[in-house]
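Peer 1: Fit chain B to the known structure of chain A by using the hints.
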Amino acid sequence: GQQLNQSPQSMFIQEGEDVSMNCTSSSIFNTWLWYKQDPGEGPVLLIALYKAGELTSNGRLTAQFGITRKDSFLNISASIPSDVGIYFCAGQLSTGNQFYFGTGTSLTVIP
Amino acid sequence: GAVVSQHPSRVICKSGTSVKIECRSLDFQATTMFWYRQFPKQSLMLMATSNEGSKATYEQGVEKDKFLINHASLTLSTLTVTSAHPEDSSFYICSARAQQDYGYTFGSGTRLTVV
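Line by line, the protein sequences give chains A and B.
Using the working numbering, the letters of the first sequence map in sequence onto residues 1 to 111.
Using the working numbering, the letters of the second sequence map in sequence onto residues 1 to 115.
No lab work stands behind these hints, which were simulated from the structure alone.
Note that the Cβ used here is the ideal one computed from N, Cα and C, for glycine as well.
Accuracy of the hints is not assured; some may be wrong.
Claimed, not checked - So, partial list: chain B residues that the calculated Cβ filter (under 8 Å) puts toward chain A:
no.: 1; residue: F34
no.: 2; residue: L44
no.: 3; residue: L46
no.: 4; residue: Y58
no.: 5; residue: S89
no.: 6; residue: I93
no.: 7; residue: G103
no.: 8; residue: Y104
no.: 9; residue: G109
To be verified - In silico negatives: residues of chain B with every beta carbon more than 10 Å from chain A:
no.: 10; residue: K14
no.: 11; residue: T17
no.: 12; residue: Q42
no.: 13; residue: G53
no.: 14; residue: K64
no.: 15; residue: L68
no.: 16; residue: T75
no.: 17; residue: S83
no.: 18; residue: P86
no.: 19; residue: R111
This is chain B alone, in the form it adopts within the complex:
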């Protein structure tokens, strides 16, 4: 089946620094990928839709200058959390859809801790 690889799985960074999270579709091409954020014991909240070769579409309330998304190829989307603060600490998950699959496949997630 379709596999989405997300890296790193865990990252700890200092407040004020930036962190980049990668999401790769390993065996299919993904023109669209999605980035979600999940706080403890809560649901997944859609942050943005990443479109290959064009600007990402952000959900209402998500700061596009803080959460930079780049989808430079059909197999890679990156999310950069800029000037991270402790309140940005969360579980970030990406997803993509392979044409031959039903539904959307998720990466294993990135646990970000800002100290």
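With the rest of the complex left out, here is chain A:
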């Protein structure tokens, strides 16, 4: 399968701080998705991106589709305790309809 590298691997931040994470690949993707996963649960879709350069927001979350189509970024502003979880990027190649997941970023928010 495809290798999507996500960084940072983990983050420990104070409540109220902003968060940035990114996902990179050696392959070109035509769709990027960002998911959040709570322990023991399936991932929940946060944001979907379909065009290079696209910038999309969902509340305090903002994600961008990199112009090279090989990367994507997720920002969380003014973090709160319920933002705790593991965030995954997922990319879809132009040659198929399956998605491949990044390595994940574990976020801990300290009240």
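Peer 2: Same frame as chain A, but now just chain B:
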């Protein structure tokens, strides 16, 4: 929004037995569903693409005779782990896409423990 129901949520089975996991799209039809496996503290690894009415497509390294996939209807895909061994213990998750939705919706996952 689109809902994908996965059952059972947890299962414990003896080594050598088979376990069936169901994935249902509750309010939409899904011609394609995906099965993932996730080990503790790791990412989701795509196992196979389940296609309604035809054979599943397996990712490299996934044994199709061990992980049997059946997608007999537009709302149901099943994954059967045959002759399970302790190393098959994992979190299995399915996903599907509703045409009216962006992205893919995931089931809540099945925690399989083989003893």
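Peer 1: Provide an ascending list of the numbers of those earlier hints which the structure does not satisfy.
Peer 2: Violated: hints 4, 5, 12 and 19.
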